[in-house]
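Enquirer: Using the sequences plus the hints, can you model the full thing?
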Amino acid sequence: MPKVKVFDTAGKSVGELALNEAVFGIEPHVPSMHLVVRSYLANQRQGTQSTKTRAEVRGGGKKPWRQKGSGRARHGSRRSPIWTGGGVALGPKPRSYSFAVNKKVRRLAVKSALSSKVRDDEFKVINALELSEIKTKVIAEILATLETGKKTLIVTRAADQTVYRSARNIPGVKVSHADSLNTYEVLDCDTLLITQDAVARVEELLAPKEVAA
Numbered sequence: 001m002p003k004v005k006v007f008d009t010a011g012k013s014v015g016e017l018a019l020n021e022a023v024f025g026i027e028p029h030v031p032s033m034h035l036v037v038r039s040y041l042a043n044q045r046q047g048t049q050s051t052k053t054r055a056e057v058r059g060g061g062k063k064p065w066r067q068k069g070s071g072r073a074r075h076g077s078r079r080s081p082i083w084t085g086g087g088v089a090l091g092p093k094p095r096s097y098s099f100a101v102n103k104k105v106r107r108l109a110v111k112s113a114l115s116s117k118v119r120d121d122e123f124k125v126i127n128a129l130e131l132s133e134i135k136t137k138v139i140a141e142i143l144a145t146l147e148t149g150k151k152t153l154i155v156t157r158a159a160d161q162t163v164y165r166s167a168r169n170i171p172g173v174k175v176s177h178a179d180s181l182n183t184y185e186v187l188d189c190d191t192l193l194i195t196q197d198a199v200a201r202v203e204e205l206l207a208p209k210e211v212a213a
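Quick note on numbering: my numbering labels position 30 of the sequence shown as 30, and the sequence is numbered without any gaps.
Among the clues, some could well be false.
[To be verified] With a cut-off of at most 27 Å between alpha-carbon atoms, the simulated DSSO-like pairs for lysine-lysine come out as follows:
{"#": "1", "residue 1": "Lys174", "residue 2": "Lys150"}
{"#": "2", "residue 1": "Lys93", "residue 2": "Lys104"}
{"#": "3", "residue 1": "Lys135", "residue 2": "Lys104"}
{"#": "4", "residue 1": "Lys12", "residue 2": "Lys209"}
{"#": "5", "residue 1": "Lys124", "residue 2": "Lys93"}
{"#": "6", "residue 1": "Lys104", "residue 2": "Lys174"}
{"#": "7", "residue 1": "Lys151", "residue 2": "Lys135"}
{"#": "8", "residue 1": "Lys93", "residue 2": "Lys52"}
{"#": "9", "residue 1": "Lys104", "residue 2": "Lys12"}
{"#": "10", "residue 1": "Lys150", "residue 2": "Lys12"}
{"#": "11", "residue 1": "Lys3", "residue 2": "Lys135"}
Hints are computed from structural coordinates only; laboratory data are not their basis.
Expert: See the structure below:
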């Protein structure tokens with residue numbers, strides 16, 4: 001069962017926390033993480049790029065010149081893709097790039113990502129993160145004290161607007177909460193800073209449920 005130190009906002013160790021091995025101590029499954037990250041990034045694409053085919057561009061109703069006798073190549077329309085101002089052959093059209101991933105695979109991927117952070121010592125637990133007011137300086141000082149990386153993901157138990165609005169202007173810092181944690185955000189940070197109660201919530205969501213006899 002993996003154990004991590006618990007820090008306070010002053011950077012002092014205030015104890016240890018035993019993590020659920022089924023969530024934070026599994027062997028990272030790279031294929032599932034790769035698939036989920038691909039799906040996440042694909043879902044971010046708008047897919048609004050569009051070009052006009054020869055049927056959609058303006059003009060071209062009249063044959064440019066007669067078929068034979070002019071000495072020039074045969075053409076039937078100025079809208080041909082080989083003409084300047086003509087249509088685009090095989091160009092992009094609006095489409096959706098998203099694709100679904102099985103729920104079990106998504107769960108395995110996020111557990112693998114969390115376990116890899118614990119294994120690589122990029123996982124830090126803070127006993128509490130409660131701010132009385134929106135103050136970017138306070139969050140910046142806490143991150144500096146805990147010596148987090150350039151890219152830090154702060155995870156709270158529930159959505160906390162005070163923490164979010166305090167941290168959103170700090171370059172490389174993102175804020176999430178236990179219920180919306182996703183594989184891409186976990187892998188994309190140098191340090192995962194999570195509150196102690198958020199750890200309990202993550203374990204509640206991802207740990208295998210015991211079936212009553």
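Enquirer: Decide, hint by hint, whether the structure agrees.
Expert: Each hint tested on the structure:
1. Lys174 x Lys150: Distance of about 11 Å is within 27 Å: holds.
2. Lys93 x Lys104: 33 Å, violated
3. Lys135 x Lys104: Outside the cut-off at roughly 39 Å; violated.
4. Lys12 x Lys209: Given that 27 Å is the threshold and the Cα spacing comes to 34 Å, the pair is violated.
5. Lys124 x Lys93: 45 Å, violated
6. Lys104 x Lys174: 26 Å, holds
7. Lys151 x Lys135: Given pair Lys151, Lys135 holds - Cα atoms ~19 Å apart, limit 27 Å.
8. Lys93 x Lys52: Holds, at about 8 Å.
9. Lys104 x Lys12: Distance of about 38 Å is beyond 27 Å: violated.
10. Lys150 x Lys12: 21 Å, holds
11. Lys3 x Lys135: 32 Å, violated
Checked against the numbered hints above, the structure violates hints 2, 3, 4, 5, 9, 11; every other hint is satisfied.
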